[in-house]
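Those protein sequence lines, which keep their order, are chains G and R.
Count along the first sequence from 1, add 82, and you get the number used in the working numbering.
Count along the second sequence from 1, add 162, and you get the number used in the working numbering.
Hints are computed from structural coordinates only; laboratory data are not their basis.
Since the structure is predicted, the reported quantities are computational estimates derived from the model, not experimental observations.
One or more hints might be untrue.
DMTMM-like mimics (lysine to aspartate or glutamate), calculated; alpha carbons at most 20 Å apart, straight line [to be verified]:
1. G:K130 - R:E539
2. R:K351 - R:E370
3. G:K189 - G:E261
4. R:K192 - R:D470
5. G:K404 - R:E370
Calculated from the model, a selection of chain R residues having no Cβ within reach of chain G, i.e. all distances over 12 Å [as the list claims (entries may be wrong)]:
6. D414
7. Q476
8. E552
Beta-carbon label-pair distances, calculated as ranges [as the list claims (entries may be wrong)]:
9. R:E370 - G:M83: 33 to 43 Å
10. G:N265 - R:V550: 34 to 44 Å
11. G:L323 - R:G384: 32 to 42 Å
12. G:A99 - R:E370: 27 to 37 Å
13. G:L154 - R:D244: 24 to 34 Å
14. R:G262 - G:L323: 52 to 62 Å
15. R:V550 - G:L154: 42 to 52 Å
16. G:G185 - R:D442: 56 to 66 Å
17. G:Q187 - R:G338: 24 to 34 Å
Positions of the beta carbon are idealized from the N, C-alpha and C atoms, including for glycine.
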Amino acid sequence: MRYREALNQALREELEADERVFIMGEDIGVFQGAFKVTAGLLEEFGDKRVRDTPISENTIVGVGVGSAMAGLRPVVELMTINFALLALDQIVNHAAAIHYMFGGQAKVPLVVRMPQGGGHQLGPTHSHSLEAMFLHVPGLLVAVPSTAADAKGLLKAAIQDDNPVIFIEHEYLYGQRGEVPENGGPMRFGEAAVRREGSDVTVVGISRMAVTAERAAERLAHEHELEAEVIDPRTLRPLDLDTILESVKKTNRAVIVEEGWPHGGVGANLAALIQEQAFDYLDAPVARVTGADVPMPYSKPLEQAAFPHEEHVVQACLALFKDL
Amino acid sequence: MAREAAVSKEKSTGNGTADGAGAQHSLPDKDTCHAVLAKMMLIRRFEERAGEMYAKAKIGGFLHLCIGEEATIVGSTQAMRDTDYLLSTYREHGQAIARGTPPKTVMAELFGRVDGCSKGRGGSMHLFDMERRFLGGYGIVGGNLPLATGVALQCEYNGTEDAVVCMFGDGATNQGTFGESMNMAALWKLPVVFMVINNQFGMGTALERHSAVTDLSKKAEGYGVPGSRCDGMDVLDVHSATTEALRKAREDRQPQLLEAVTYRFRGHSMADPEEYRSKDEVEEWRRRDPIASFSKRLVDEEMFSEEDLEKLDQEAMATVDEAVQFADNSPFPDLDSLYDNLYVLGEQVRGWWSVDERSPEPHRGEREREAGRVPHELAEAGAAYAGVAEAQERKRRQRQADEEHGEGEGEHAADPRDVEGGGD
Ligand SMILES: Cc1ncc(C[n+]2csc(CCOP(=O)(O)OP(=O)(O)O)c2C)c(N)n1
Ligand SMILES: [Mg+2]
Numbered sequence: 083m084r085y086r087e088a089l090n091q092a093l094r095e096e097l098e099a100d101e102r103v104f105i106m107g108e109d110i111g112v113f114q115g116a117f118k119v120t121a122g123l124l125e126e127f128g129d130k131r132v133r134d135t136p137i138s139e140n141t142i143v144g145v146g147v148g149s150a151m152a153g154l155r156p157v158v159e160l161m162t163i164n165f166a167l168l169a170l171d172q173i174v175n176h177a178a179a180i181h182y183m184f185g186g187q188a189k190v191p192l193v194v195r196m197p198q199g200g201g202h203q204l205g206p207t208h209s210h211s212l213e214a215m216f217l218h219v220p221g222l223l224v225a226v227p228s229t230a231a232d233a234k235g236l237l238k239a240a241i242q243d244d245n246p247v248i249f250i251e252h253e254y255l256y257g258q259r260g261e262v263p264e265n266g267g268p269m270r271f272g273e274a275a276v277r278r279e280g281s282d283v284t285v286v287g288i289s290r291m292a293v294t295a296e297r298a299a300e301r302l303a304h305e306h307e308l309e310a311e312v313i314d315p316r317t318l319r320p321l322d323l324d325t326i327l328e329s330v331k332k333t334n335r336a337v338i339v340e341e342g343w344p345h346g347g348v349g350a351n352l353a354a355l356i357q358e359q360a361f362d363y364l365d366a367p368v369a370r371v372t373g374a375d376v377p378m379p380y381s382k383p384l385e386q387a388a389f390p391h392e393e394h395v396v397q398a399c400l401a402l403f404k405d406l
Numbered sequence: 163m164a165r166e167a168a169v170s171k172e173k174s175t176g177n178g179t180a181d182g183a184g185a186q187h188s189l190p191d192k193d194t195c196h197a198v199l200a201k202m203m204l205i206r207r208f209e210e211r212a213g214e215m216y217a218k219a220k221i222g223g224f225l226h227l228c229i230g231e232e233a234t235i236v237g238s239t240q241a242m243r244d245t246d247y248l249l250s251t252y253r254e255h256g257q258a259i260a261r262g263t264p265p266k267t268v269m270a271e272l273f274g275r276v277d278g279c280s281k282g283r284g285g286s287m288h289l290f291d292m293e294r295r296f297l298g299g300y301g302i303v304g305g306n307l308p309l310a311t312g313v314a315l316q317c318e319y320n321g322t323e324d325a326v327v328c329m330f331g332d333g334a335t336n337q338g339t340f341g342e343s344m345n346m347a348a349l350w351k352l353p354v355v356f357m358v359i360n361n362q363f364g365m366g367t368a369l370e371r372h373s374a375v376t377d378l379s380k381k382a383e384g385y386g387v388p389g390s391r392c393d394g395m396d397v398l399d400v401h402s403a404t405t406e407a408l409r410k411a412r413e414d415r416q417p418q419l420l421e422a423v424t425y426r427f428r429g430h431s432m433a434d435p436e437e438y439r440s441k442d443e444v445e446e447w448r449r450r451d452p453i454a455s456f457s458k459r460l461v462d463e464e465m466f467s468e469e470d471l472e473k474l475d476q477e478a479m480a481t482v483d484e485a486v487q488f489a490d491n492s493p494f495p496d497l498d499s500l501y502d503n504l505y506v507l508g509e510q511v512r513g514w515w516s517v518d519e520r521s522p523e524p525h526r527g528e529r530e531r532e533a534g535r536v537p538h539e540l541a542e543a544g545a546a547y548a549g550v551a552e553a554q555e556r557k558r559r560q561r562q563a564d565e566e567h568g569e570g571e572g573e574h575a576a577d578p579r580d581v582e583g584g585g586d
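Let the sequences and hints guide you as you build the complete structure.
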């Protein structure tokens, strides 16, 4: 099953299971979604449950927050993560703060779904990877599924959870196939997946970069006789730091791979956590492989040069063994 | 079908006549007619060719064509002074060309080449030409209204006679920036004409499904911005309405909202399967083709002969041929230029501007050229994937063209669902 179909299934099952669940977003109904994730849902559930909205990101999310406070369980789709920037006020000042700021009286069981990522030449307003921005905000849960199974299990969990969840999909991953367990229920947030076991270096891949990291690990094994352990955290908040630390304690080296920008990135954060918690185990500085520190350029060669590929991960891993 | 009724009702409330080329406006002089028609034809041919180049994967990302909207674009820009500013959306090739940006630098931008009008950084959705005061196409719906208001503030601040035209779609009137910009422009009496290009849809969502008020010319009245409406299929009606709106904005310091009622003949972007509208509806509007109807009038009134028209069209095609050739011959940007123009560099900026963590050796962003071998090689390693990606993309689009009615992403042309492994 493709990643987009897995998401579609999760939405369908949750819509079926709970009357309070409804979905809304731009062009998700008649148009079936910019990436066809919501295909068929309008027909099946009608326009009360599957709502096309005007182009008004901040207000769409705000309407989601309000309806969630009052007892509904909205799933809002934003076409691209860059458009979520228009809704940051509702996400940060409202969704994330309300449960805390009102002393726990109100809950905001809202899911905001959006894809991110480069590689399709969508230029500097449509292709960024901004999970770090949401990770920064206390009060939000952040999911970054990289497989079809995780997409389905985590989306179901997100919808059933009482916290606001930022659910970050990836444009490249929509078409990827993967096994999805029959009748699989919700997965737990805060459980990393070890995609590949290895004893030489720990490679943590975020979102699509979990896939890139796995490919790099295969090359490291075949071409360099290095066994990398690849970890996909799957959710950034809550974070399964234990699994990462355990691995680092075994391999003594860590490389974090993300598509987003280096300053204040997921890798910057993880590197700090690893060195705080496992400094004595490290044989080399924690390394990061990130997107280039520029707005994503349109031109194809520039764009490809601006986000990490296997080659970059391989080089970063090799560099950790240079001085031995 | 209810939709079509709504559309035709709206047509008849416009200033312009619903059918035929603005019978209520007499033709301007021959030179003006020539210029107007030549521009509309050039834009049409440019867009058609851009579509073809997209199918050949010479152009990536999203490609939004303005075919059907030429009269709106040319009629309005023709009413502007050279010193006026224009801001537009991602559907802006026509606007750039109408303001005088050479088609070859527009095509080169679409190709992602270094001679493009944004040096290959922006692509189709982000054209720019400072020299001609075309202050950009913007990919964020509603993002350009505050900018236009700011540009108008500059005009007012410096006491110039310049004015600003800001173009956006019917869908953009639902963004918060719409109301907020209207209020500030009216409050501060800024010389700006907000032009809403009502092509009946925001992506796949029809006007009456996205806006409670469908007479968009009324949508800013409550903010103190008076509105008017013109027939966006009639270049003369658009011209006269824009002239008047600009006069009020410039001389009376009264911002205006001008609605041009038009239609996009093509999908929202290249891979839009257009399941949200009927072929009949499209056909209906195509019968009011702004170029054909203006041409017909020029011939009917014996200002132009059929041969004149043919010649103009030939010229347009020759210009577009040249543009494609120029774009094809222009190189891709140098990989070492990745960090160029990230900052305005000056002595006052110290320290590290950027780090490039793709390489094991951190270095100083803009100084990438001096950063030594490793980062450069890694950039090349990344860029090498462009070849792989391109071949895949070409195959995919070919398949899609073969299927003719192949499903597409609409918004998302580069359909990731078909990319099986490899070339991430
Ligand atoms: C903030 C934001 N939200 C959503 C989109 C995706 N999107 C691109 S164009 C478009 C429709 C815009 O419709 P309209 O304003 O009528 O302009 P048109 O495309 O018809 O010219 C949408 C939803 C976007 N680019 N920016
Ligand atoms: Mg529109």
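Quick rundown of the hints versus the structure:
1. G:K130 - R:E539: violated, 54 Å
2. R:K351 - R:E370: violated, 31 Å
3. G:K189 - G:E261: Not OK: K189 (chain G) and E261 (chain G) at ~34 Å, beyond 20 Å, violated.
4. R:K192 - R:D470: Holds. K192 (chain R) to D470 (chain R) sits at ~12 Å (cutoff 20 Å).
5. G:K404 - R:E370: violated, 64 Å
6. D414: holds, 31 Å
7. Q476: Consistent with the label, Q476 (chain R) stays out of reach of chain G, its closest Cβ about 32 Å off (over 12 Å).
8. E552: Nearest chain G Cβ is 7 Å from E552 (chain R), so the label is violated.
9. R:E370 - G:M83: 33 to 43 Å: holds, 37 Å
10. G:N265 - R:V550: 34 to 44 Å: Distance hint for N265 (chain G), V550 (chain R) holds at roughly 38 Å.
11. G:L323 - R:G384: 32 to 42 Å: violated, 53 Å
12. G:A99 - R:E370: 27 to 37 Å: Cβ of A99 (chain G) to Cβ of E370 (chain R): about 33 Å, so the range 27 to 37 Å holds.
13. G:L154 - R:D244: 24 to 34 Å: violated, 54 Å
14. R:G262 - G:L323: 52 to 62 Å: holds, 58 Å
15. R:V550 - G:L154: 42 to 52 Å: Holds - the Cβ-Cβ distance for V550 (chain R) and L154 (chain G), about 45 Å, lies within 42 to 52 Å.
16. G:G185 - R:D442: 56 to 66 Å: holds, 58 Å
17. G:Q187 - R:G338: 24 to 34 Å: holds, 28 Å
Against the hints set out earlier in the document, violations occur for numbers 1, 2, 3, 5, 8, 11 and 13.
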